[in-house]
Amino acid sequence: MLSKLRDPSEKTLALLLLAPAFLLLLMIVVYPIGKLVYNSVYAVDKNGVFLGLQNYIDVVQDPLFWNATKNTLLITLVTVPGALIVGLGLALLANLPFKRKWPVRLSLLLPWALPLSFAGLIFAWFFHTEYGVVNDVLRRLGLQSEPTSWLLKPNWAMAAICLTVIWKTSSFMALILLAGLQMIPKSLYEAAEVDGASRWQQFWQITIPMLMPSIIVALIFRTITALQTFDIPYTMTRGGPGEATETLAMLIHKYTIDYSDISFGSTLAVFMFVISLFVTGFYLKQIGKNAQ
Amino acid sequence: MKKRDTLKWATLALASSLAVSAAWAQQTTLRVFVGPNQRPDLQAKLFEQYNKANPGVKVEIETGGATSELQRQYLSTVLNAKDSAIDLFLIDIVNPAQYASKGWIEPLDKYVGGAAVLKNDYLPVYQNANVIGGKLYAMPSQGDAMFMYYRKDLLTKHGVSEPKTWEELSAAAKKITAAEGNANLQGLSIQGAPIEGAVCTFLLPYWGQGKQFNDAGGKLTLDKAAAVKGLQSWLTMVDQGVIKKNVAEVTTPITVNEFKAGQAVFAINWGFAFDRFKDDADSTVKGKVGVMPLPAMTGGKSATCMGGWQWAMNAYGKNKDAAGKLIQFLSSKQASAFIAREGSILPVFQSVYSDAEVNKVVPWFKDALPVVLGAQSRPMVEDYGQVSDIIRTTTSAILARTKTPEAGVDEIAARVGRLMR
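Just so you know, the protein sequences line up as chains A and B, in that order. This note's numbering puts the first residue of the first sequence at 89, with every later residue one more than the last. This note's numbering puts the first residue of the second sequence at 230, with every later residue one more than the last.
Just so you know, these hints were derived from the structure itself, not from any lab. Be careful, since some hints might not be right.
What the hints assert, rightly or not - Covered, in the sense of this in silico footprint (three residues per stretch, anywhere, with C-beta under 8 angstroms from a C-beta of chain B), are these stretches of chain A:
| no. | region |
| --- | --- |
| 1 | 215-229 |
| 2 | 240-250 |
| 3 | 346-356 |
Claimed, not checked - If you want the ones that stay clear, here's a sample from chain B, every Cβ over 12 angstroms from chain A, calculated:
| no. | residue |
| --- | --- |
| 4 | I290 |
| 5 | T385 |
| 6 | G410 |
| 7 | G447 |
| 8 | S462 |
This one's a predicted model, so the numbers in the text were calculated from it and none came from an experiment. We put the CB at the ideal spot given by N, CA and C, even for glycine.
Let the hints inform the model, and build the full structure from the sequences given.
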């Protein structure tokens, strides 16, 4: 054994070199996920009784779970494309040949650097019935006689949350897309110009196809974080009015922390994990296709 | 010579470090969690007094989480992890049952005497809250109950007497706000945001009809028609312009701040708010604030919501004996009278309500005792976290008018009924 270690074959050497990374992954990825699944089938607080799939059945029958899933998917479907469009616009803007580049880039970075819960609290005040700037502006413009309680109406509250999420996440999209834009060789545009292509044609025929790998990477990150949306709705509406804006991550937090029901919370987390897994798998497949 | 010198210094250094570490060994440090709404400034003064009398113990204070729910979230995270970092903490009156059932808090019988201690002059409500299965789990520190605050000056100016029923209150509020003609002046401020206070907002008009939410065994005894009627009475007051339209956004601090700014004729709030109206630098209503029991529903009787904070000991703590001694001091009559004098905090001992020294600072405590003795408790059940969440979220949605009172009460009955049977 020892001699084998002293003079390892190529295969052993590979295993040895991979071992630390593998152990680390085991510790920080496999163990927590395993523990999560374990907690979902055992009653953590009640003397560790084996529950089997009882929690899973309860989750599927829980209307709050379906409500939270619906809200999470809605936020994802609205804010991911929303942030992509706004982010692309910002990236194209920042890619213009400005004399000084840093003010543009700094203003791009600022929303991204702000903690999520701060963004939520700031926008919660924007939309506040009496003290909010939104109602104030509308009133000054004469568009409103009675103040609107934006965050107390289910549809408006959802719209306000989506707007905040898009504002907060567009800059991250823009950063990734900006990096992609700068990798596109100028010669392509010069050649297109010679061939008489319009700006519009250049955008669709050169920029978008060349940018596709960056777009997909940005979409993966954005979609996964969108599925985990917690801070902004939590600070803006606490999931209200009623449960109208409660997301899956908030429901997990509610069961685990507020209700101290770790088993049920873990089961919900397993569901969220599976949803994230599917979405990531879908994107990875797209990347594979794109690479070909 | 040089060698001997070195030796001498080394011996000296060793001896002094031994002496220092011996002193350290005798010094016990207790870490205590106090929420910002439980007057950490006054608690720190109590700890100082204790430190002076007990030089071997050092008390460190930790604070965080602006509301009862946030503090519960923080503590349950610490305690779920079986963390020993905090030795003592103040918990809300509704929490001992949950904490005890999880095994998070240490029974105190061994440290402060058995459950019988609470029969001795403490307000009776704290026996129900803190004795679980015959064991004593927490010691009362601060009393609290909801009161009706009102602008004495405005009532006098417009010749209105203290209202006894909600109808009288509505009429009084309408008369005063109309006569004042100030668009920023609201009739009554209550809490409708989905916070712990909204549980009381649900219960007050329900109890006010003489109805009970649960029996002694913790089983739900909700009278749905009465609950709908109670919630409807709030909505009627919103329609009449007595309560503002966005009541579902109002939290406890918003009520305090708006009343302080002179923007409300009546306000329902906890006892602690009186001190803020009286002493805060930015209060515009100093000397103009009256306190009275909550009005009754027609045909019912006045009822209020009991609150208060209890000292509990971390079951995973490492300094239990020292912590037990500190609890004994903190839940003493002397401590209760101290925070009553310094912070107008409702005492947990009946006799302190008529203590001459206390009454010099807070004369209305004399009249507060019957109100506090008649106050009702929110249900004290293991799943209180969940019960509270269902009630406050639904109540807030009803006040935001995204649910009807009928649908909301049905939901509360079904979901809470499953937890309290």
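Each hint, compared with the structure:
| no. | hint | verdict |
| --- | --- | --- |
| 1 | 215-229 | holds (count 3) |
| 2 | 240-250 | holds (count 3) |
| 3 | 346-356 | holds (count 5) |
| 4 | I290 | holds, 24 angstroms |
| 5 | T385 | holds, 28 angstroms |
| 6 | G410 | holds, 19 angstroms |
| 7 | G447 | holds, 17 angstroms |
| 8 | S462 | holds, 20 angstroms |
Checked against the numbered hints above, the structure violates none of them.
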